[in-house]
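Chain U is already provided as a structure; the job is to place chain C on it using the hints.
Residue numbers (the numbering used here), protein chains in the order written: chain U, 13 to 453; chain C, 182 to 314.
Because the hints were derived from the structure by calculation, they are not lab data.
Just so you know, even glycine gets a beta-carbon here, dropped at the ideal spot from N, CA and C.
Be careful, since some hints might not be right.
Claimed, not checked - Pairs of lysine to aspartate or glutamate residues, derived as DMTMM-like cross-links and limited to a Cα-Cα distance of at most 25 Å, are as follows: (1) U:K353 to U:D387; (2) U:K172 to C:E196; (3) C:K200 to U:D387; (4) U:K65 to U:E171; (5) U:K353 to C:E264; (6) U:K47 to U:D58; (7) U:K172 to C:E306.
Unchecked claim - Reference excerpt, derived from the structure (chain U facing chain C, CB under 7 Å, subset only): (8) Q233; (9) G234; (10) T249; (11) G342; (12) T346.
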Amino acid sequence: MKTLELGYIHINDIIIGSESKVENGVLYVDEAAVKALVLEDEFLKDVHFDVAKPGESTRITPVKDVIEPRVKVEGPGGVFPGMVNKVEAVGEGKTNVLKGMAVVTAGKIVGFQEGVIDMSGPGADYTPFSKTINFVMVCEPADSLLATDPEATLPIDNEKKPEYERAVRMAGLKVAAYLGELAKNVTPDETEVFSTPNLKEGMELYPDLPRVVYVAMLQTQGLLHDTYVYGVDAKRTLSTMMWPTEIMDGAIVSGNCVSACDKNPTYIHENNPVVHELFKQHGKTINFVGVIITNENVYLADKQRSSDWAAKLCELLGVDGAIVTQEGFGNPDTDLIMNTKKIELKGVKTAIVTDEYAGQDGKSQSLADADPLADAVVTGGNANQVIILPKMDKVIGMLDYVDVIAGGHAGSLREDGTIEAEIQVITSATNEMGFNKLSAR
Amino acid sequence: MDFIIITNNPRVRDEYGAKYCVLYQECSFDEILYAVRDKIHKGHKLLTHPLSGSVKPNETPYKSIMISAERGAMDNDSVILIEDAINMATSGKFEKYRQRQATLNQRILADFQMIDFFLITSGIESAQTGLMV
Chain U
13 MKTLELGYIH INDIIIGSES KVENGVLYVD EAAVKALVLE DEFLKDVHFD
63 VAKPGESTRI TPVKDVIEPR VKVEGPGGVF PGMVNKVEAV GEGKTNVLKG
113 MAVVTAGKIV GFQEGVIDMS GPGADYTPFS KTINFVMVCE PADSLLATDP
163 EATLPIDNEK KPEYERAVRM AGLKVAAYLG ELAKNVTPDE TEVFSTPNLK
213 EGMELYPDLP RVVYVAMLQT QGLLHDTYVY GVDAKRTLST MMWPTEIMDG
263 AIVSGNCVSA CDKNPTYIHE NNPVVHELFK QHGKTINFVG VIITNENVYL
313 ADKQRSSDWA AKLCELLGVD GAIVTQEGFG NPDTDLIMNT KKIELKGVKT
363 AIVTDEYAGQ DGKSQSLADA DPLADAVVTG GNANQVIILP KMDKVIGMLD
413 YVDVIAGGHA GSLREDGTIE AEIQVITSAT NEMGFNKLSA R
Chain C
182 MDFIIITNNP RVRDEYGAKY CVLYQECSFD EILYAVRDKI HKGHKLLTHP
232 LSGSVKPNET PYKSIMISAE RGAMDNDSVI LIEDAINMAT SGKFEKYRQR
282 QATLNQRILA DFQMIDFFLI TSGIESAQTG LMV
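With the rest of the complex left out, here is chain U (with noise of 0.2 Å):
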């Protein structure tokens, strides 16, 4: 039986200030100390930190990742093993996390598909971070990461643009483990406990219920494409196991630059809305069996080996069922619909979760790709869904991008200040592991 604890240490606000602390539900942080953290980085050259609390009228933008502070307290590793900790094998013991709060980077990276987080107003319905008070981190690249070219038309040498993505994500999860660090000795207050029994538990734990597996596919598609596993580009590897409990302990982060609506933020693979409802069902309808995780590639035969795979770990496992999740849309909707078929090949039955580019009007077909055996589908909503975002008093980041980011079009950041954009510019509003809001019935 693999066990962990989560300690929930609820933030009521955040104070940058001369020392770091986590004291009655305020988190302070030491600005000279996260600076120096940050700038430990040949790459940056400077950051800006801000705080965005729920219902102000401040808008965070380009967001590059959202990630959630947690800090071992029991148990072997660290969080975000790989990364900023060791490779040590996490997903037990106890782990402290800071609710209610995250830390989001925010800097030029890929212009055109940045996301944008309104703290109030209609945008702000649309991202579960309205509801965060936000750590925002705005990070300058260093003169070396600049194009030197005088005719340059990008103040980032196009070369080193994953440099300063490697930097910017690095810096996140540095500050976020620096902040997670503050809360180990924190009496957490309230505590929920997961726990997964090995195979041959479970089998003898809940002989008649039906064992269902979660296929989390992680999207690796090359170069600001990548989603990392205890350190390893996922693209370089084979499909493989988890324990969904590792999963918490911030064994998965993102490191890509996807559209913003439908990229999974670090902090909902630490949060995955699909585990944490498995969990609840665990023992009672369902048993539980585990986490498959899967790529998605640009070449075909890494396609083929890679939902072979999922498929045969499946048949493997000999479960009952899989719930199936993706991440971005287009190229990811084949690797989505091949898992789905193979696996219900084997005989096991599938659902997934997605989200929809239906066209402005919802009309038009929702996925790139379709199988009659994908039949069972839940909808994170439709990206394509047109919203005007108004003008907010303060912009954290830079607005120059708004115009080019991914459902943006010309003329869309309007000269009284509002946005007219599809939601697909908001960071999360799709999200495809069912994280928002949003759906269908």
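Leaving out everything else, chain C in the frame of chain U:
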């Protein structure tokens, strides 16, 4: 695996043109799909997925697709994939992106070239790991 890259991305032409077999043409996203379809009809196999990343068809003007250098009998899976991609790209759903292309500045164009370049690079890495598809 010997391969051919069909592209309208100048960056792929400039960086890989001397190293690999790169067929560059100055044309639209859709026309690249049609060019690949014609090659598939002649017996080449599709090696990378015709829709890129999570970038929407026509959101980016650039597209690089890898096909086999070798020709054999027409590959049905390749035909279905390329036809589906053409249907998706020309469905009208992404029409607004096509209109927007004219307004993209150099900085954004360079970003789109970069993403397409990275995606095809990922395909090249995979193609070089084995002999079989």
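Status of the hints after comparison with the structure:
{"no.": "1", "hint": "U:K353 to U:D387", "verdict": "10 Å, holds"}
{"no.": "2", "hint": "U:K172 to C:E196", "verdict": "15 Å, holds"}
{"no.": "3", "hint": "C:K200 to U:D387", "verdict": "45 Å, violated"}
{"no.": "4", "hint": "U:K65 to U:E171", "verdict": "36 Å, violated"}
{"no.": "5", "hint": "U:K353 to C:E264", "verdict": "20 Å, holds"}
{"no.": "6", "hint": "U:K47 to U:D58", "verdict": "8 Å, holds"}
{"no.": "7", "hint": "U:K172 to C:E306", "verdict": "19 Å, holds"}
{"no.": "8", "hint": "Q233", "verdict": "5 Å, holds"}
{"no.": "9", "hint": "G234", "verdict": "3 Å, holds"}
{"no.": "10", "hint": "T249", "verdict": "13 Å, violated"}
{"no.": "11", "hint": "G342", "verdict": "4 Å, holds"}
{"no.": "12", "hint": "T346", "verdict": "6 Å, holds"}
Checked against the numbered hints above, the structure violates hints 3, 4 and 10; every other hint is satisfied.
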